[in-house]
Every structure is written in structure tokens, then in C-alpha cells.
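Chemist: The chain contents come next:
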Amino acid sequence: MIEIFAQLGDGFIACLHPTTMLMLLLGIVVGLLVGVLPGLTLVMGVVLFLPFTYKMQVTDAIVLLSAMYVSGTYGGAFTSILFRIPGEPIHVPLLWDGYAMARNGQPARALGWTLVAALVGGLLSAVAMVMLTKSVASFALRFSSPEYFAILVFGLTSVIALGSGSLANAVIGLALGLLIASVGTDPIYGAARFTFDMPIFADGIEFLVVMVGAYGVGEVLSRLERGFSSKPLATISSTKTELPSLAEVGQVKAMLLRSTVVGHIIGIIPGAGATVAAFVAYGLESQFGRRRAQMGSGVVEGIVAPQSAATASVGGALIPLLALGIPGSGATAVILGAFMLHGIQPGPQIMMTSSAMVYTIFASIFIGIAMMCVLGYFAIRPLVKILDFPEAIVSAFVMLFCFVGALAIRSNVTDLWLMIGFGALGYLFERYKFPIAPLVLGVILGPLAEESFMNSMISFSNDWTVFFTRPIAGTVMALAILTLSLPIIGLIRNRRKPSGPPSAPQLSSVGGAERVLTPEA
Amino acid sequence: MNVSRREVLVGGSALAAMSVVKPAFAEEYPSRPIELVVPWGPGGGADQLARKIAQLGEPEIGKPMPVVNIPGGTGATGMAKILANPADGQTAAIYIADAHALLAGKSPRWTMEDITPVAVLIQAPSFIFVAQDSPHKTWDDFAKAAKERPGALKVATLGFGSVDDFTLSFLGSKGVKVNQVPFSKPSERYVSILGGHADALYEQAGDVGSFLNGKQMRPLLVFGSERFAAFPDVPCSKEAGFNIALPQFRSIIVRGGTPPERVKKLSDALQKVAATDDYKAFLKEQFAKDDSFIASDGAGAFVAKQLDDMKAAIKQAS
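Protein sequence lines, in the order shown, are assigned to chains L and V.
Be aware that the first sequence starts at 1, since it is given in UniProt numbering, and climbs by one per residue.
Be aware that the second sequence starts at 1, since it is given in UniProt numbering, and climbs by one per residue.
Excised from the complex, chain L in its bound form (with noise of 0.2 Å):
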């Protein structure tokens, strides 16, 4: 242990190279940036950035590509809340408290929230990372396919949070998303699937394009056909910086690090990234904490469930990473390729020979996020003025990014015209009330969960038990199951006494949801 401190202080030293440090702020702010472009994804940006680093030192390229991660993990929060544009997948969870209680008039409320949420996520998670990494390195190669077809299917069942309005439209929206991710080239035996002789089709719909159409460019033609009817924030709301004192953070501890710890683990996880992170952390308190019934709303644990969990997914990806040259998430696979190109294959052994740059990486970690709020603290004020601007020219903006984003996935003119026609299905779920939410939810989980579905069912000779006997998948599986009946049972008993009134949460979730859906019907 105290080895262990010894090193980190030498790490934190390295850190403190000019080099390094600049790297480390770098790596901050276009994290911050490429999280608060809609469209321009995390991993993408991760992706756009390593070819700088061919000629770097390993540790400043590592520093300068892992300070992205954890600020990536972060900027998005921002457009989610404010624009109800997600920056990445992993914001997607955030906007449904963020915004409606930016709606509600307290958007520097909700960013403030999101700050604390980052901040203690990030440093507890890296707490854990150092002291961890070695021990808990193995725990990662229990997992096989079943456990995380498991995982991911309690990630489905988070639909029922989603579109508590009306469970069968959840539903219906979830189908619709997992049927446009099966569009494409069968990813186990390579059959093509309503792929209607057209190559773009071949290559299957990337998320994003249905991401960024159906939030971004459907949102744009709901205030379209409102006639940028808006008001100024200004008129509604303070753009003050509020950030919850001690004794508010104090009533949420226990949610707080119950999302960490959950962030933390998903993290660890090889194949699953922030976005699952945020998604699990969001279902479980939607289902089983104290204010679970007004989730949607713009409840505080909406919005500190998600970030301090997708933040927290940052050092527990990292763990696998370092000590077995495995990562945990898409990000962190590119990070694996930087060592690569620098001649360094992570694994057991890197703590032994290059311990001195693992910590340093540790070190810049614990940096990088208190550097990440201080730039978010600053940052928020300004941007919560941007919404003083006219609706009409931000969301000329909004389309722009929207457009370049979709371009820039494949560079494919197709995905544009993609991309305007899941606009038109967002904007028409959004007219008929119909959550936009499962439907992304499905089409980003949905190849996911078929891949490990296909090579559980390969695995173990087509028998579908292993889901429920392997301990993990069992555990994972009963939880995902209780998650799904509880609303039934729910329903079940309000039919069985018609004449009372319907109770009062229930009442007060189902108008949470509308809020979120439609904040200005």
C-alpha cells in the first residue's frame, strides 16, 4: 500500500512535465469539445486525435488520449441539458432529467449537478483504479458472452424508465430501434439483411446517424413548426453557476456512490463503456431509488446517476486496459492501439517494467478531472447564455453540427439523407407522443446484445440456460427480469381496485414523462 502511494507521488511529478501538463489540458478541452458536438462521438474523437501522437512520448500520448475520455465523458452533459441534443450516447439518460429541469427554469441547477456528479465519480473511480488494478484485473476475464448478453439485456429493460407514459409505445419504439440495428451485413455468418441490394445498407445504420437525426434534427423541426416560439431564457431563469452545497450532496451520498460503484464495475467490464454505464446506473434508480417515481421530471438523481456513472466508467475501463491489455470500451481500444504503435502491448507485465508511466497515466487521471470542472465551472456560464441567443440561429447551428457529425462517421453523402429521414421519424414520434428514447436505446444495444447473444448460443451448443445458471448472467438476468415486472405488477394491482384513484406517483410519473417528451406541448 504504501508502495502504491510512493509511485503515484512520482507519477504525479512526471505529471507535472510541461509537456505532460500541456498535453493533459489539451486532451481536456478537445474532450470537452468533441463531447459537446453532437455527432462527433467520444471514441470518434479519441480516433481523429491518435494519428498526433505518432511522434509523441508514449506517456504524453496516453496522457494527452485518456485526459479525452474522461472530459469526453463529461461536455456532452451540456447540450443534453441545455439542447436536448445529446453529444454522445452516453448523454442520452441525462437529457431526460436534465432537461426538463432546465425547462423548468434551473438549467445552471442541473449543470452544477452534473459537475459534482463528474467530480466525485471521476476521483472515487480513480481511487479505486489505483488501488485496484492489479487485484482486480482477473475479475474481468470471468466474463464471457452469456454475462454480457446478461448486462445487456438489463440495459433494454431500462426502457420501461424510459417510456413509463405508455409501457406498449416503450415498447413499440424499442422493436422499431432493434430492427433498424439489424439492418446490414449479419455480423456471425455475414447474411444480408434488408440490405435491398444497396450498398450503404451493406455496412448496416450507423447509431449515430439515427441518433443525431432524431434528436437533433427532430428537435429542430418541432421548434420549426412552432415558429421559434421560445423565450429567451433570461426571462425564465438565472444563468448563475449553481452549484449544491455540502448538506444537498450529503442527501444524495448514498445515490452518488451507488452509481459510482455501478460505473466503476460496467467499466471494468470488457465491451461495455460509459454508455452502458449511464444507462444501467439511470434503470436501477428509476427503479429502485427513494425518488424513483418522479424520474423524468428533473429530479437531481436523474441527472447525477448517469454522469457520475459514465465518468466513473472511465477509471474502471482502465484497470483491464493497463493490467491486461484488454480494454473495457471503445475508447479505450484506441488507447490500446496508441500503446501499440509505440511498441508497448499492456498486460501483467507493464506493471513491472514501465510502473513508472502506468502511474504517471494514474496521476494525470486524478488531474485531469479536477482540471475538467474547474474548465466545466467556467464553462457553464457562458453556455447556458447561449440560449439567451435566438432559437432560430442556434438551431441553424444545430443543424450544421448535426449534418457535419453525420458526415463525418464514413463520409458518406447516404448517411445525410439517412439522417433527415430519422429527423422526420423523431420529429413524428415526438407530434404523437411516442418516446424517441427506446428506439435509440435499441438500435445502439441492440448489435451488441446480438453478438453476444449468436456467440453465447455458439459457445454453449445452443443452450439457452446458460443465461440463468452462470452466476453472474443469473444474477444480472434475475435482476433485469425484476426490473420488467415490477411496472406490470404495478398495473396489475390498479386494475384490480378500479374505483380508487390512481396513486400518486404513478400519476406524477406518467406527467414526468410527458414533460420530458414534449417539454412545450
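One thing to keep in mind: the hints can contain errors.
[Unchecked claim] With a straight-line Cα cutoff of 25 Å, these simulated PhoX-like cross-link-like pairs (lysine-lysine) come out: (1) K280(V) with K55(L); (2) K52(V) with K55(L); (3) K272(V) with K52(V); (4) K215(V) with K134(L); (5) K311(V) with K289(V); (6) K55(L) with K63(V); (7) K63(V) with K280(V); (8) K272(V) with K55(L); (9) K134(L) with K185(V); (10) K284(V) with K55(L).
[Said to hold, decoys possible] To give a feel for the contact side, a few chain L residues facing chain V, derived at Cβ under 10 Å: (11) S145; (12) P346; (13) S461.
FYI, nobody ran anything at the bench for these hints, they're computed from the structure.
Since the structure is predicted, the reported quantities are computational estimates derived from the model, not experimental observations.
The beta-carbon is built from N, C-alpha and C at its ideal position, and this holds for glycine as well.
With chain L's structure known, arrange chain V on it following the hints.
Modeler: Quick look at chain V alone, frame taken from chain L:
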């Protein structure tokens, strides 16, 4: 401005003269940086090779070679990009066995006529690996277990329709029948045997170098007609009675129909690259054959033979 007829004539003939000269300018190859398309994501084997070639090749070719990653569709998306460009040698691509395997499948999106191999840069044999603590001490143990319980042993591969699939199906037709479990992400593939979820792994040694050095994995069998120098105790597939060798190869191609003198020029530059100590060290790191390099005069035949070998393996297996 007064322009006399004479001036116009002079100007016109000057223009005519320039247009005559122009083809001579075009002979300057490369006239601008050569775009090097990597149809795979950054960080992988193909990408590492491209970056190496771009770095070492610039002084030899006299122009930079910017690397462009276009992943997707087992290399098909990037291939579409190169086939859309003119056949002038200004766009090249890294072409590897995994993409080549698509040509052996149904309805490939390009044919051998669409590409001109410039040079083969890496040839690395494939291995069967197991975790260090695996009960299978030798290939014979493994083959015996597979024969006793056909299809019970799990081998992690890249996916169906890949070189991995061809080779393992071929083994299956010869009595060593295993259950192929496809993992498209390399990391999951490696975890599967380290965590004991699969019994073995089909892979090239360069991709799991750290696991080999860290004593977490060990090879059981190398595919080919001779043993691999770095693992003198590991039998080759020919000794074990399987006449199959579908090595991983990574080459550089340009579009079919590119003028031969340009292909030659590019190939000559790459030959110089391959002779550098830097490149030889790179081959060692990748556990590739020391004599991997094949210039343009032999590259086409090599790539064509690989396809024939793949087709033969499929035919044998089916």
C-alpha cells in the same frame, strides 16, 4: 486591350505546345502525396504496417504517404474507396488475407482484376494457441481430445467465412472437429482463452506477442510446412498430417489497370524500405517471416495463389 491575330496564333500554338508537353509532366510519378488507405481501424496490425511504411517510405518515394483509415465490412468499405479513384497509382491500400478471404465467398464486392498487388510486405504463419495453464500440453493432446469428443472443444476465431474458418473447417474434415466461436473484437478473442471460456485460439503470434512474452499463452501448432524459428519445439501442421497453410499476409495494392511502370516504381521504393534494419526489426516484432517481402513481379502471383489455396481448403472441408 488590343490583341492581334498574330499574338493569338502565337498564344494558341504555345497552348498547343503545352498540351503536348503535359503528358510528359504526368510521367512524374508520384506527382503528389500517395494516399494510403487502411480498410481497418487504427491501432490494428494493418494500421501499424501502414504507419511504418509511410514513415520509412517517404524518403524513398520522395512524397509523403498520408494514412487514411476507412474501417467497415471486413475491409470492403475501404476497398470501395480505392476502386472509386482513378487507376493512377496515387491511391494505394493495405490489403490483407482477411479481406482477401471475401473473394472466396459468395458475391464478393471486387475481383482479382480490380486490384494490382504492388508488394507483399508481411507474411506471418497462423498458430493454435492455448492458455498457459491449459490441460492440453501438446498438439497431440489437443487433437486427441478433439477426436474423442468431436465439436466439444471451443476455438476462438475472427468469424465465419474468414481464413480462420477455412483452416479449422479443413481440420474438421480431417477428423479434428472443433466448435468455432467467432469474436469480431480481438480483445474478446484473447479474453476468451485467458478466462477459460474457450479452449484454444486461432491467431498470428504477432498479435498476442505480449501474452506469449508474459507466459499467459503458448502455441501448440503452427500452420505451414516447416516449424517457426521463434518456437522450435512447436510442431508444424505438415508434421501433424495437415497439408494446409493460409498465412496472414499484408500487402500493398493499387487499382487494377495502373500503368506498370508506376507499379514498378512504387515496388522498387518498397523494396528499399524492406531492406532497412528498422523494417527487419518490425518483422521480428510481428513474428513474421524474415523473407516476407515479395516485389511487384511476384506479388500478383502470390496473392492469386492465396485465393486458390483458400478455395481448395473450402472445397476440401465441404
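Chemist: Checked against the structure, which of the hints given earlier come out wrong?
Modeler: none
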